[in-house]
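Peer 1: Chains as they are written, first to last, in this note's numbering: chain A, 1 to 334; chain B, 1001 to 1347; chain C, 2001 to 2319; chain D, 3001 to 3557.
Simulated from the structure, these hints should not be mistaken for laboratory data.
Quick caveat: nothing in here was measured; it's all calculated off a predicted structure.
Some clues are possibly wrong.
Cross-link-like lysine-lysine pairs, in silico, PhoX-like; alpha carbons within 20 Å at most [as the list claims (entries may be wrong)]:
id, chain 1, residue 1, chain 2, residue 2
1, A, K244, B, K1065
2, D, K3428, A, K53
3, D, K3536, D, K3557
4, D, K3350, D, K3328
5, C, K2068, D, K3428
The calculated label-pair distances, taken between Cβ atoms and stated as ranges, are [said to hold, decoys possible]:
id, chain 1, residue 1, chain 2, residue 2, range
6, D, A3450, A, A111, 40 to 48 Å
7, D, E3160, C, R2147, 24 to 32 Å
8, C, G2200, B, S1044, 30 to 38 Å
9, A, I312, D, G3230, 43 to 51 Å
10, B, G1314, C, F2033, 26 to 34 Å
11, A, G18, C, G2200, 51 to 59 Å
12, A, A111, B, S1081, 54 to 62 Å
13, B, S1044, C, F2033, 26 to 34 Å
14, A, L4, D, K3224, 38 to 46 Å
15, A, P258, B, D1224, 44 to 52 Å
16, D, S3555, C, G2088, 24 to 32 Å
Chain A side only, calculated, beta carbon under 8 Å to chain D, not exhaustive [to be verified]:
id, residue
17, P14
18, G18
19, S20
20, P115
21, T282
Here a beta-carbon is modelled for each residue, glycine too, at the ideal position from N, C-alpha and C.
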Amino acid sequence: MLRLVIRRLLQLIPTLLGLSVLLFVWLNRLPGGPASAILGERATEAEVARINKLLGLDQPLYIQYGRFLKRIAELDLGTSTQTGQPVWDEFTLRFPATVELSIAAMIIAIAVGIPLGYLAARHRGGWLDLGSVTGSLIGICIPVFFLALILKGIFAVEMGIFPTTGRQSTDINATDITGFAVLDGLITGEFDASWDALVHLVLPAVTLASIPLAVIVRMTRASVLEVVGEDYVRTAESKGLERKVVRGRHIMRNALLPVVTAVGLLTGSLLSGAVLTESVFTFGGIGSFIRTAISERDYPVLVGFIMFIALIYVLINLLVDLAYSLIDPRVRVH
Amino acid sequence: MALLSVDELSVTFGGVHGRKESTAVDGVSFDVDQGQVVGLVGESGCGKSVTSLALMGLLPGKGVKLGGRADFDGNNLLTMSQRELREMRGKEIAMIFQDPLSSLNPVVPIGVQVTEILQRHRGLKGEPARKEAAHLLDRVGIPDPTRRLKEYPHQLSGGMRQRALIAMAVACAPRLLIADEPTTALDVTIQAQILELLKELVDEEGTALLMITHDLGVVAGLCDQVNVLYAGKVVESADRHELFAHPMHPYAHGLLESIPRLDAPRGEPLKPIRGSINDRIAWADGCAFAPRCDYYTIECLTGTPALTVPAAAGHQVRCVNPVREPVEIATLETPDVTATAHGGTSA
Amino acid sequence: MTTSTKAAKIERLAELTAQNETSSGASLWREAFRRLKTSKMAIIGGVVIAAFIVMAVVGPWVAPHSPKALTWKDEVFLNRGEFVGPRGENWFGLDHLGRDMFSRFLVGARQTLLVGVVSMLIGLIIGAVIGVVSGAAATLGGAAGRRVDTVVMRITDIMLALPSLLLAASIAAVMGQSLTTVMIAVGVVQIPIFARLLRGSMLAQGSKDYVLAAKSLGIRKRRIVVTQILPNSLSPVIVQATLSLATAIIEAAALSYLGLGNPDPSVPEWGVMLSQAQRFFDNAPMMAVYPAVGIIITALGFTLLGEAMREALDPKLRG
Amino acid sequence: MRILKSRGARMATAAVAATLVVTACGSDRDKGDEGKDGGKDTFVFAGAGDPASLDPALASDGESFRVTRQAFEALLEHEPGGSKLVGGLAEKWSSNPEGTVWTFNLRQGVKFHDGEAFNAAAVCANYDHWFNWTGTYQSSAVSYYWQAIMDGYAKNEDKELKPSNYKSCTAKDDNTAVIEVNKASAQLPGGFSLNALAIHSPKSIKEMEKQEATAKGDAITYPKYSQEAGILAGTGPYKYVKWNKGDKQVEMTRFDDYWGEKAKVKNLVIKTIDTEDGRRQALQAGDIDGYDLVAPADVKTLEDAGYEVPTRDVFNLLYLGMTQSKNKALQKPEVRQAIAHAVDRENLVKTQLPEGGKVATQFMPDTVAGYTDKVKKYEFDTAKAKSLLKGAGESKLKVDFCYPTEVSRPYMPNPQDIFELVKNDLEKAGITVTPKPMTWAPDYLDATEAGSCALHLLGWTGDFNDGYNFIGTWFAGKDKQWGFDDKKVFDAVNAGAEEPDATKRVADYEAANVAIMDFLPGLPLSSSPPGIAFGKNVNPPKVSPLTQENFAEVSFK
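Bound conformation, chain A alone:
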């Protein structure tokens, strides 16, 4: 087990290195620096040149890459050209929000997706099956930002059930401990703050959940259909076990194996979903930050983020494998 972890982490290093080169070569083909981003139409050519000189952006590529690697080695992701603050700080500042959102989305996706998938499979061809299958297909086919707009238009603007933007109402000044608004409230006992944060989470989370939900429903359905036909389920039935035992111990425990893997991969994809979702709901997470980084060419942030993502992606897969080896004894052996 431990060996697996270590091996994976070692594998990570070349991945990240390769990635860094890739990104660097990419991004440095882009024109400009921070100057015009800061000064807007007030930036004259001379000023841009001077600022780039100041930042050493006029030096040859390999020197810049050297500096870049050195920074990375010092775990210094550089400074955001948008905000003039260290990228690392920007991330640590905003990442909790996105994590909170992603977790919420995943909870929705799993809590709804797995039961739905199971029921769909058990009532194959029934209206529930039809409904959830079409539903999940639409969930995959609807552009996330459009869904976000509609949800917002209906539930926030028209009905006013949910807020349209942000993580917390402006008048609630909750004490910030972990950066996870909901959690903080619970820790400090400011339950109104937690609730408020929760209410703010609903729409973005539902939006973000749409795709993973759809995938999970379909995976669960397919895999339940497969398992139900297995001999050991027949055996269990032949023992006259209660329904819930057959369902839980014999069908689900096997059917969920592939779903676990899927969940892992989906978590990665959530982060790119967050870019859209957060910018529609101006949810103060890393997603909306990245969106502006994209349009403003904030390379340090983009590079940092992509490295960061790669890291997370690998870690998640690692976790998945560990989880897998926990629930599937056959893996544990070799």
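Position chains B, C and D relative to chain A; hints supplied.
Peer 2: Leaving out everything else, chains B, C and D in the frame of chain A:
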């Protein structure tokens, strides 16, 4: 009266959204008495497994039509509610399946798979359940049972797995045990052991056993009464000695003849049955076996032949012109299981 | 007997096995197609796609008005939130610059299809090449091959690790804005998926008995790959290709939402139309709904067909 | 057309949503409302972008000043709702005839947020602080406006910097500050009104001087003090409480020792919602009490719904830039005139730009002193455009047209639409247009500055009421963006630059405008006020052409 009496049981698949119907079991009748071992013999596809599943109520609800009745001391299994069946299964009637590996849940320890049935039907929990489970494994001849309880199916050998399955089947001392090709997936030597084990269990407990197999060797070794199935109908039914002595239906006759004989002179060819179960005609038009039959005459094509009792009492045959001459079988008297276990491979 | 004739016999045997297998592969296809024809999903999907393609082909000719000309620009008052809804000559109303929405919708179909197909092909072709290389290397290459395989897979790992949208966005950012960029960006995202898929199914096929048999009989490796492994590995790829068309169309829309879409907004493309219209969602929701529904239905069509194909080709999912 | 807002549409959208809404029933109304109840003692205003710095001296963008303006005040201010210079922290000001010595009679009894007293010494402390900036502080990315007004520093570290025009600041007495410059400049006295040159507490300046702005890696790092409340202390009606970057909002509270009329609402929150519809929806849902940069399409909608949508006076300019060096054809006056005639500016203003928008006849809005009607006008006339092109032998003119994506500027709410309209007009006149979209920063700005865009859309928002602040930015000399060299124009423009006498200066500007429009280096399109909106229950402040709203005036109905 019989413990289980199956009467004109028929199972029909399909009919739902456009798929054409197909009758797998077509009016099968037989009885199983207390402590009796009854064989259900036929090539794969003749409907024997379907029969067993029908009795257990394990056939899918949708797209399956059941006909006739199957009374298990008095009450009809076919009309029972799922809840009643759940009560019955594993407790009154237990089943052993063909492929031990796929029949065991790969991600649940053997122990749990045994104890769960104890908990269900005998209300045993925790330590006592575990003790009992260990005892059961021990009884079916699994060495070092307490350790095995913690292990997973893939860690056991084929034979062990089948033993474990048997342990589960007999856990609640059912009155009827249905074994569906319990040995087919195992190596020859193991096959013999498993059969021995079954034999013991049945003798000790007085459990009735419905042995479903294509393997006449198994039948010879185990069964008191034998029913030969072809294309969903019983074509011959007799007690073991009678059948092995005078198989009257050409199919049964063929089956027996096709067993390789240890004492057969070298070079003498085997006598397999022509064709396969697929070249058949509908029972309604005549004898389904006719296309493969050596004795087939035009009379065979005048409607479904009736089950008649041409010779010895209790020896029924569904044939217009039954075979008269006996087959010589090396293993007619007191057949030695191990010798014949690897015998019949006709299907 | 002499070795030569023996070899010949072996060859023959292997070929028989091979034919046998591939023919069974072929019959698999026939079987799948038969099942496909009976599947509701496939039929619905097929119909939708057909309609879409027809629209894409004839759209520009049947369009009642020019999709580009700001014919009615004096009738739309953006600054007063006054839009023109459906009416006699403009069935879908006008867009925010006084262009005929219906014509734009029709013509937009072609652009959308173009983006979808081209980017899918980019992903498919490059991905397939990578997949075949590492797949072949892994199945037959021995130690060296396996090394090649791992390297290639590392690379696809990297690509998979990046959130597809971000990858697409940064490509678009680097290459500047153009329709080609959009297609490349969306296509590149698909590459690792196809590569992984093809490699995976090749490995699966590679371990099949008939391949082992052929191998053990010393048939040339390239031959095995071409005549046996590939044909039998294709089915999942074809399924994925269909599904990719859907994702491509959606990704493209997302890109134009991020402002990285088709540079010339006068050229109608559903994604662009949608991202433009969302600004006026309050005043003129239908302006967004038309292209959005267009995208959703089309994507749905491809997904349905893809899923149906998958079910038809994958015996496990049948029941 | 409201019909579009039909039930049908809603049903359609609702249907799509309904298929996916899973848990949207988890909350109850009153919680959702809290923001609004809380709004009673908190005024929440939404801008379009995060501020760069809480210290106005380091800022150069409207989003930053929107925030800093509430906490900091300069020596001079513009009259509320107007563009006329009035006293700020200085009640009266005067200069010698040469315009090199500026004397300020300071307001008395003014306190800084940190309790320090405001006086002449404090003023000089600030100006000397800026003047003595070193290192990265000298980068125009950090101290743009000081350079714009005073050119350079005590010790210029970059030889390309001009020598500083700032000479000295002396505290004649407690309430009289005298600022001397080397030569008269069109930047003064306007410059003294810039919030970038607002007065900080001397105590806070001491703290600031301990911190460096650094240029590390690929970016400029602003000093820590400018990124958080704490050290910074001005004299404004509000003082900083917290900059919550995660939630994209700056929180401020009333400064109770404010010298003037105290803020009416206790708390002020300025947050960032970067999309137009995002801001609108937030207002409609009651999450915010007002926002800036209203999309033109929304103005009417909001008005009809009863929101407060005051209209600002125009103080900006949008123009169609032409780079003659990039496309030789543009060097022919006829071609430039043809383009001018081809573009239907009336329609642009009528249909696209927010209420109060005007067609621009010259390179400054009519609110700026120096605007004149005597300039040559180029009315919309496609036929004439065609013939002009023919005459110039350019009937088959092909031209690149750059426009920015994903951005909305005060003078240009929706560049893409404006681009499409202009493109359409040009094509009508037989010109072939190649669209060149680019992201606003850096691509578009760099490209236009470097003169690699034959045609492009750009504009300017005035910093203070002086003509040079407009025409001076473009036509003071040879500039790659325009790619022409015409002494007549340059001289005309520069004439006013060093003229100390205000009235003479205005005359110079008028002459310059005439000269410019004769030469027609580009086509002034429009001046349009950026829209601003407030909640139904808000008494809005006087809206300012320079977008210098003072939220202390805001109160709830």
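Peer 1: Decide, hint by hint, whether the structure agrees.
Peer 2: Evaluation of the provided hints:
{"no.": "1", "hint": "A:K244 / B:K1065", "verdict": "violated (27 Å)"}
{"no.": "2", "hint": "D:K3428 / A:K53", "verdict": "violated (45 Å)"}
{"no.": "3", "hint": "D:K3536 / D:K3557", "verdict": "holds (8 Å)"}
{"no.": "4", "hint": "D:K3350 / D:K3328", "verdict": "violated (33 Å)"}
{"no.": "5", "hint": "C:K2068 / D:K3428", "verdict": "holds (12 Å)"}
{"no.": "6", "hint": "D:A3450 / A:A111: 40 to 48 Å", "verdict": "violated (55 Å)"}
{"no.": "7", "hint": "D:E3160 / C:R2147: 24 to 32 Å", "verdict": "violated (54 Å)"}
{"no.": "8", "hint": "C:G2200 / B:S1044: 30 to 38 Å", "verdict": "holds (34 Å)"}
{"no.": "9", "hint": "A:I312 / D:G3230: 43 to 51 Å", "verdict": "violated (34 Å)"}
{"no.": "10", "hint": "B:G1314 / C:F2033: 26 to 34 Å", "verdict": "violated (54 Å)"}
{"no.": "11", "hint": "A:G18 / C:G2200: 51 to 59 Å", "verdict": "violated (22 Å)"}
{"no.": "12", "hint": "A:A111 / B:S1081: 54 to 62 Å", "verdict": "violated (32 Å)"}
{"no.": "13", "hint": "B:S1044 / C:F2033: 26 to 34 Å", "verdict": "holds (29 Å)"}
{"no.": "14", "hint": "A:L4 / D:K3224: 38 to 46 Å", "verdict": "holds (43 Å)"}
{"no.": "15", "hint": "A:P258 / B:D1224: 44 to 52 Å", "verdict": "holds (47 Å)"}
{"no.": "16", "hint": "D:S3555 / C:G2088: 24 to 32 Å", "verdict": "violated (50 Å)"}
{"no.": "17", "hint": "P14", "verdict": "violated (24 Å)"}
{"no.": "18", "hint": "G18", "verdict": "violated (21 Å)"}
{"no.": "19", "hint": "S20", "verdict": "violated (14 Å)"}
{"no.": "20", "hint": "P115", "verdict": "violated (11 Å)"}
{"no.": "21", "hint": "T282", "verdict": "holds (5 Å)"}
Checked against the numbered hints given earlier, the structure breaks hints 1, 2, 4, 6, 7, 9, 10, 11, 12, 16, 17, 18, 19 and 20 and satisfies all the rest.
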